[in-house]
Structures are given as C-alpha cells and as structure tokens.
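There are 2 protein chains.
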Amino acid sequence: MSTYTRPDLEQLRDFYRDSLIDDTLKFWLPRSIDTTHGGYLLMRDQDGSLLDDDKSVWFQGRFSSILGNLYNHVEPRQEWLDGARAGVDFLREHCIDDDGQMFFLVTRDGTPLRKRRYFFSEAFAIAAYAHYAKATQDESLAQEARDLFKRCTEYADGSRPLPPKTTGARPTQGLGVPMIFLNVAQQLCDTVGCDFAASQIDDYISQIESCVDDELRCVWECTDPEGNMIDHLQERTITPGHAIEGAWFILHEAKRRGGDKRLEKLGLKMLDYSWEQGWDQEHGGIIYFRDPTGKPVMEYWQDMKFWWPQNEAIIATLLAYTMTGDDKYARWHKMIHDYAHAHFHDKEHGEWFGYLHRDGRVSTAMKGNHYKGPFHLPRMQTYCWQLLEEHLAK
Amino acid sequence: MSTYTRPDLEQLRDFYRDSLIDDTLKFWLPRSIDTTHGGYLLMRDQDGSLLDDDKSVWFQGRFSSILGNLYNHVEPRQEWLDGARAGVDFLREHCIDDDGQMFFLVTRDGTPLRKRRYFFSEAFAIAAYAHYAKATQDESLAQEARDLFKRCTEYADGSRPLPPKTTGARPTQGLGVPMIFLNVAQQLCDTVGCDFAASQIDDYISQIESCVDDELRCVWECTDPEGNMIDHLQERTITPGHAIEGAWFILHEAKRRGGDKRLEKLGLKMLDYSWEQGWDQEHGGIIYFRDPTGKPVMEYWQDMKFWWPQNEAIIATLLAYTMTGDDKYARWHKMIHDYAHAHFHDKEHGEWFGYLHRDGRVSTAMKGNHYKGPFHLPRMQTYCWQLLEEHLAK
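Protein sequence lines correspond, in order, to chains A and B.
Quick note on numbering: our numbering labels position 141 of the first sequence as 141, and the sequence is numbered without any gaps.
Quick note on numbering: our numbering labels position 59 of the second sequence as 59, and the sequence is numbered without any gaps.
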C-alpha cells in the first residue's frame, strides 16, 4: 500500500494552504510592515513582540519576494502587493552603498550598520524586484533586477572584486553561490524574463554537480577547483539541509524544462545522499552539520535542528514524490513533515521555532532575528500547496 | 566552618600541578611540535590524533606563551624553552603579512590562508615574544614585542586603520580589546618591561569599568561610548565567562599593585555580577551567553557550556578567595572546580572536552581546532598552582 492516497494529498494541500494563510502570514502581517520608515520590522520574540528594530537587508528582500510571489501566483490580494512594495522601496532607498554593493544590516530608519564581503543581500533583492516588477508591470524595475543579477555574476567571477576573506592560497569552489543564483535566475526568468540569467543556469548546475561526491555519498559545501574533497576541518563539514535545498532547485529546473531526466537524476541523487547524511535516526529531523568521513565537526552546535533544513526537506521529498511516484519519497516526506510540525510549530503563538536541540527541546524561542524571518517557512507552505494543487489537477 | 582547610588547599595545589604536568602537557607534548615546518600541530581529536594540519596563528602565540611562562616562572626545563621557541620562530617567519598585520590561519608550511579585521593574533604573539625574550635575554625580540604592542594600540585607536566591520553609525566601546590588552600589558611589563604598556593599563581598566552596569548587575560586551546599554539583539548579549576573565585580570592587577583596594573591589564586583548571570542553577557550570534584560539571546547555542569560561571562573574564584578570605569565593570555587572536572576532563585520553550541551553531554569531543588548544586549561592549572604555592607560603 502506498504512503499517500489521493485524499491524503488533498488533506496535505489544504494543510499547507491553511498553515500559510491562517498561521504563518497572520503572525507577520500586518504588524511587521513599518508604516513610519518603510520596510519590515521582523526581529520578533515567540509571541510576536519586537525584540530589535534593526533591519536585516536579506529579510527585506526575502519577505518582499514571498509576498510578490503570492500576489503573482496565488491571488492578487492588495495586502500582499502593498507588503511587497514596502520591502522593494526600502531596499532601493536605504540598502545600497555608494559603491553599489548592498548592506547587511541597517537601523530602523535605514542608516547603514554593516556590510559583508559577499553578495547575498543582492540575491534576495533581485528576487524581490523581479516579483514586484511583474506584479506592477514595471519594466524599469525589471531592468534593475536584471542589472543587479549581472553585477552579482561579476562579483562571483571576480571581475568586480570584493574585499577578500581568504588569501587565495587554497582555491575553492562552493555550493552556496551557484545554488542561490540558480534559484534567483529561475525566479528572474519566470517573472520578468532575463536572457542573460537563463544563459547562466547550466553553468550553475555544473558547479553544483561538481560538489557531489559519489564515493562518500555526500554533497560538499566546497571542494577544490577540480571538485575534490579538501581534507581540512571546515571544508570537510557538510550541511545536509543546504544540499537538500540545492536538490529541489535542480528538481524544479528539471520540471521547468518539461521533464529533464538527467537533471531529475542529479536532484534525486543529491536528495538521497543528503537524506542519508542528515536524517537523525535517533530523534528524527535533519541535523545541521556532518563530516561524511566520520571525523568530528568543528562547529560545536553541529547536532542542533534548525527550522530551515526541515522546510527544504519537506519541499524536496514532496517534489521528488510528485515527479517520480516513488513511494520512498512519500515515506520520507511523511517522516519529515510529521517530525517538523510536531517539534517546530508553535501551537501557542503560531509560526515555527527556529532552533531546537538535537532531542527536540527549544533552545531559543524567538521567531525573527538577523537570520530567521518570514522566508523558508512560507516558501515551503506556498510551494507545497501549489505543487499539490497542480499534481492533483493532473 | 570554612569550605577550605589548609590541607584542602595543599591538595588543590598538588592537583593543579599534577593535572598540568601529568595530564594536559602530556596530551600536547611532544607530539604537537612540528619538527618539519616549525610551529605547532594542534587541531587534534579526542585521542590526540591529528584532524587538520592547518595552524591557527592565535594558538602558535598562545601555546608559546604558556610554555615560555612555565620556563620563566616554574622551572627552566629545556623542553619548555624549545617548545616556546617553535612558536616564536614560526610566528616571525610565517604569520606576518607584508603590511605588518598578522594572519589568522596558515597552512602547515606557513602559507597564509586567512586574515581577520582585528588584531588578536598580535596580542598572543606579543605575550609569546615577551616570555621567550625574557627566557633567552633576547633584547631585540623584547623590542619586537614592545613595538608590536605599540602597533596594536594604533589599531585600537584608529590611527592605523584596519578594514572596518561596521559603518560606524552606531559607535560602541567593547570589553574585548581593553581586557586582552590589559593582560598582555601585564605580561609584557612583568617579563621584559615596557613603560609604554605600563602607561596604558589605567586606560584599559577604565574602559573595562565603563562596561559594568550596576543597575542590571552585569558586564556588557559592548556599550555606547558613554557606557550605556545598546538596546539591540547582539549588543544586549553578555558572555559571563568573558567578564569573569576580565574580573581576574583586574584582581591580578590589584595584587600587582601591592593590594589596590579600589581595583580589588571592581574585580570582585565583576565576578559577583557575572557569577549571578552565568552560573547555571539547574545543571551547574557557567553558561555561554545571557541577556540580562531577560529577553532571548540570538545565538542559538547560547546555553552550551564551553571549557574556557569554566577555567576563567576557577581562577577568578580562587584568586578572590586568596585575596579576601571570604568563604563565599571558596564555596564558588569548589562548585566550579568540581563541576568542571567532573564534566570536562577526559578520563580516557586526558585534557578537557571543549563543548558540552547545557546538561553536560559532550557535543563534540575534539581537543583542538581553530579556537581551542593548549591555552585556557594549562593557564588555569599553572596560575592556580602558583597562586596556592604563594598563598600557602605566607
């Protein structure tokens, strides 16, 4: 007997929809829109009270892209469009330095506090601009999104240098940049269109593919330029949830291309390896870090459970199941869905806790900070809801 | 009845001495001296096997200063002098960039990998140079130590700018720099002498003092330039073990000055506040982070127990006890000494675990990495042994 019947899938679809609309979005809206200074106030305690009025630039872009996507692909609610605009306006007015690089943290009124030596603020801004430009048919903003994407490829290939974090004596290639920009390129192409971004996708995929290690059955966060393991503490550390996120970006790409079997195989392999590495057989859930060689991991909090790897695993397993019909993925989906909702969902105040100890006890109950906010959870709920709508309509 | 009798203190003295010589140093020596490339190979697993042959520049200086101090103040063993030289030579040959700033991480053969935007590699190098210069009567190396100290004060006051980590829109003053450099200045003055370093000590103490908050009874890691709390997530986070380390540096300074009562009072207050904030009433030990306003801490691993805060608390409470005779400090010392040795000491392979969960379970059993190595533990054992020798001789 298969894990999921049609009524099960209908129930799941309704669950993701209702959780998104009646729980997650209700936690954040309308209170997080800053009607005084623009943008969002997202650093919130368990009950939603504000812990800090600084603004993470990542999350100004991330939340805007969530709302813009909902407006474009789910329902044209004015609240979502207005919400998406708050982030885009704040990003464009306050979050870009004179040299064109974006900041990482600003004060409530947009005074810059911190800048980083990489360009993920830009990645999330591109997605925000793209969704809002599509919603409002704003070709000038669409072009800003495309220009910003181009600029990021220049940061990535070194033709527009950023202050270096390492000396370059141990050259690496990483999973993070091609993965995030694969997803950004997909969104840019599917909203306002961008030939240049479309032309980059194959290269991102081959960079990701070279992080896959068939011998140790894992996906490295970074390798040497030839794709070989770097045998040092930090470089041996893998992040299964991150690789599972990459897996579903690739499965999504296989679907975008009308069923590309090579990409499907790659995405499934990344999911399989990372599930084997990351699933905690003792307590359930996806563990944060592992060393696939069996040596200890330097990060002392390596065995914690964060909210976002669980979100990525819920998407990846459901997507793999709908694409393949393989009951293994339905079983995995049920395992991670049940574990995550039992342990992470805050039954009292809504939304999810972010940080659990390995055994499921809450470490800190805050809902938003520099790194957590309305992104992975509503993205998962939106994606799974829409995926099941589409799957059930077949 | 007081907590410690004279035989108790004699037993403690022997315990610290024997733990240092027969356990901690035996774990690291001779295997950690790199006879091929110089310096130390310190990133080691629970059983001492090598996990990574990269070299943390902090630890090249730190371990050298530990060995140099043992040679100078405990016993002139050739093994300790040779060991101290290995670090000093490696630092001078491989760890300084062309612009004079020191690196953070280098390969086994000394190829630079990473540089940071602060100057703690320098702090530990100064101490290493100073101890070795005293041991060998090398006035030229002593002058290098003094010059490097001067250079650090220029980094600190901005007259020799480093790449900024923040925009400066929210000016802060921190506990870290004055604390570390108070300790470095003490070592420099007490080994090879340095009038300039001596002249800085009062300023470091007044910077530390302005982090003490009598209302909330805590020591801030940073405040605004007037010493007021900064009401944001990161700046509200205190590190009790760090403030306890600062407390004993100040108590030590009170002793250096032949019994300065104002400094003694300041050090005791810092210890009292930080013990109240940091001692885990449920499981024992000093917790890593706290928010003294009662709000949640952003760092998700905030409730872990690290080895070094326990080491600092063992020193601070014993020093406070020997200076005041107040039995409260003997009680606290017994609590932290017993807790730490029961939970952190590795009975199988020697040395201490670095990283425990709040309830005392080991998170990762490695003995050395970028941040842990032979420093806090042997410093505590040396300091407490010598302190008790001196106290019992009175």
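The set of hints was computed from the structure by calculation and includes no laboratory data.
Treat the hints with care, as some may be off.
Claimed, not checked - Quick list of the computed label-pair ranges, beta carbon to beta carbon:
id, chain 1, residue 1, chain 2, residue 2, range
1, A, Leu162, B, Glu139, 20 to 28 Å
2, A, Glu390, B, Asp53, 47 to 55 Å
3, B, Pro164, A, Ala169, 23 to 31 Å
4, A, Pro76, B, Pro164, 55 to 63 Å
Claimed, not checked - Derived BS3-like pairs (lysine-lysine); straight-line CA-CA distance at most 27 Å:
id, chain 1, residue 1, chain 2, residue 2
5, A, Lys295, B, Lys334
6, A, Lys165, B, Lys295
7, A, Lys26, B, Lys295
8, B, Lys295, A, Lys347
What you are looking at is a predicted structure, and each value in this text was computed from that prediction instead of being measured.
Ideal Cβ placement from N, Cα and C applies to all residues, glycine included.
For each hint, the structure was consulted:
1. Our hint of 20 to 28 Å for Leu162 of chain A and Glu139 of chain B is violated, since their Cβ atoms are close to 43 Å apart.
2. Distance hint check for Glu390 of chain A and Asp53 of chain B: the Cβ-Cβ separation is about 52 Å, which falls inside the suggested range of 47 to 55 Å.
3. Against the hinted window of 23 to 31 Å, the Cβ-Cβ separation of Pro164 of chain B and Ala169 of chain A comes to about 25 Å, which satisfies the hint.
4. About 44 Å separates the C-beta atoms of Pro76 of chain A and Pro164 of chain B, a value inconsistent with the hinted range of 55 to 63 Å.
5. Taken as a hint, the Lys295 of chain A and Lys334 of chain B pair is broken in the structure, with Cα atoms around 35 Å apart against an allowance of 27 Å.
6. Our distance criterion of 27 Å between C-alpha atoms is broken by Lys165 of chain A and Lys295 of chain B, whose separation comes to about 33 Å.
7. The straight-line distance between the Cα atoms of Lys26 of chain A and Lys295 of chain B is roughly 23 Å, inside the 27 Å bound, and the hint therefore holds.
8. The straight-line distance between the Cα atoms of Lys295 of chain B and Lys347 of chain A is roughly 21 Å, inside the 27 Å bound, and the hint therefore holds.
The structure shown violates the earlier hints numbered 1, 4, 5, 6.
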